[in-house]
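Q: Input sequences plus hints: build the corresponding full structure.
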Amino acid sequence: MRAPVQEHLLIVVALEEDPRLVEVIRKAHPNVNITWVKSPSRGPGVIPGACVPRDIWQSATILLTDEELPPRPEYAPNLKFIQLHTAGIDQVSKHPMVANSTVKIATVSGIHGPPIAEWVMMSYLTFCRKFYTSYQWQQKHEWHGFGDRMRGIYDNQGKRVGILGYGSVGRHVARVSAALGSSVIAYTMSPRDTPESRRDRGYMVPGTGDPEGVIPEAWFSGKDKASLHEFLSQDLDHLVISVPLTRSTEKFIGPEEFKILARNKTFVTNISRGRVIDQDALIAALHAGDIRGAALDVTDPEPLPVDHPLWDAPNCLVSPHMSFLSEKAFDRIFDILRINLGRLFRGEKLVNQLENSKGY
1 MRAPVQEHLL
11 IVVALEEDPR
21 LVEVIRKAHP
31 NVNITWVKSP
41 SRGPGVIPGA
51 CVPRDIWQSA
61 TILLTDEELP
71 PRPEYAPNLK
81 FIQLHTAGID
91 QVSKHPMVAN
101 STVKIATVSG
111 IHGPPIAEWV
121 MMSYLTFCRK
131 FYTSYQWQQK
141 HEWHGFGDRM
151 RGIYDNQGKR
161 VGILGYGSVG
171 RHVARVSAAL
181 GSSVIAYTMS
191 PRDTPESRRD
201 RGYMVPGTGD
211 PEGVIPEAWF
221 SGKDKASLHE
231 FLSQDLDHLV
241 ISVPLTRSTE
251 KFIGPEEFKI
261 LARNKTFVTN
271 ISRGRVIDQD
281 ALIAALHAGD
291 IRGAALDVTD
301 PEPLPVDHPL
311 WDAPNCLVSP
321 HMSFLSEKAF
331 DRIFDILRIN
341 LGRLFRGEKL
351 VNQLENSKGY
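In full-length UniProt numbering, the protein residues as written are 1 to 360.
No lab work stands behind these hints: they were computed from the structure. One or more hints might be untrue.
Restraint ranges, calculated between C-beta atoms of paired labels, are given here [stated by the list, open to error]: (1) Val22 with Ile153: 48 to 58 Å; (2) Cys51 with Gly342: 27 to 37 Å; (3) Arg263 with Pro53: 56 to 66 Å; (4) Asp155 with Val24: 38 to 48 Å; (5) Cys51 with Glu230: 41 to 51 Å; (6) Asp148 with Ser248: 41 to 51 Å.
Calculated lysine-lysine pairs in the DSS-like style (CA-CA distance at most 27 Å, straight line) [claimed, not checked]: (7) Lys223 with Lys159; (8) Lys159 with Lys265; (9) Lys328 with Lys349; (10) Lys225 with Lys259; (11) Lys94 with Lys80; (12) Lys130 with Lys265; (13) Lys104 with Lys27; (14) Lys328 with Lys38; (15) Lys349 with Lys27; (16) Lys223 with Lys94; (17) Lys159 with Lys140.
Every residue, glycine too, gets a C-beta built ideally from N, C-alpha and C.
A: So, in structure tokens, the structure goes:
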């Protein structure tokens, strides 16, 4: 029997080397040699990939990183697989090793369902239950009367939640929303007309999400405005935006869409990418009272400038792209890496393998 080919896994992440995580890979794949490089903080003048010595790039066959790719493709002539530890690829999409390469690339889509769904529901429920108002009353030592307490408060039984992008994150948002008594309506870019097409065979944290695609009461699909508008016209109480950023989804939600959402004063949550929304149109809709509020974990640009008008838009929560964070994140990242290394060595398709035709 032929001995396994020795591989060189280069890990470039903003984390000190963790022996426990290294052991996960070594135990499963003893033919893999591992080099761990802690990446520097990003800032002006910091060149992605420059933290890795040239000889390490030369010998690497597998790379785990977020955006620390080789400064030039010729730096890493032996690289055959890049495991990004992000769910999206927009941060590296223009790099030649991503845009025009035969190197296999995969994401960790699926690991972020639990923390992001918790952030979505936390943010939405703070509005529904008047958390900010009651906290302001507490700070002032005020006990308000029944009328003040009752005004503008909601529960979620019987509400309609539209999920724009029914991937792993959207599916877990659906699961939690359904547990609160809401009905779920799903929107996907491609049709999901059969039970098989509605299943999700990608990575999913056990016990989460909607792997069989049975939670939504209705499905909509399409890349055109007419299809999107039909979906948005379903009297939604809450719109959760969870699509990847591609050419077809940039500014997908703009002035026309906010006019439709104004009919039901829909609350809007965005955990996708800031550029999926026309931010000027969002700010205008908030000031006009066309939507009940917004929760944004992503903005355009990031970081959001200190004097940006979005900070002071009414009924709007802005957080600094942190909904995906969890103490279990790297355990899940290394679980996907372990699985994908096995698939790579067996010649099988990778979990979350990039499809260039889709852009994700």
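Q: Please list, smallest to largest, the hint numbers that this structure does not respect.
A: 17
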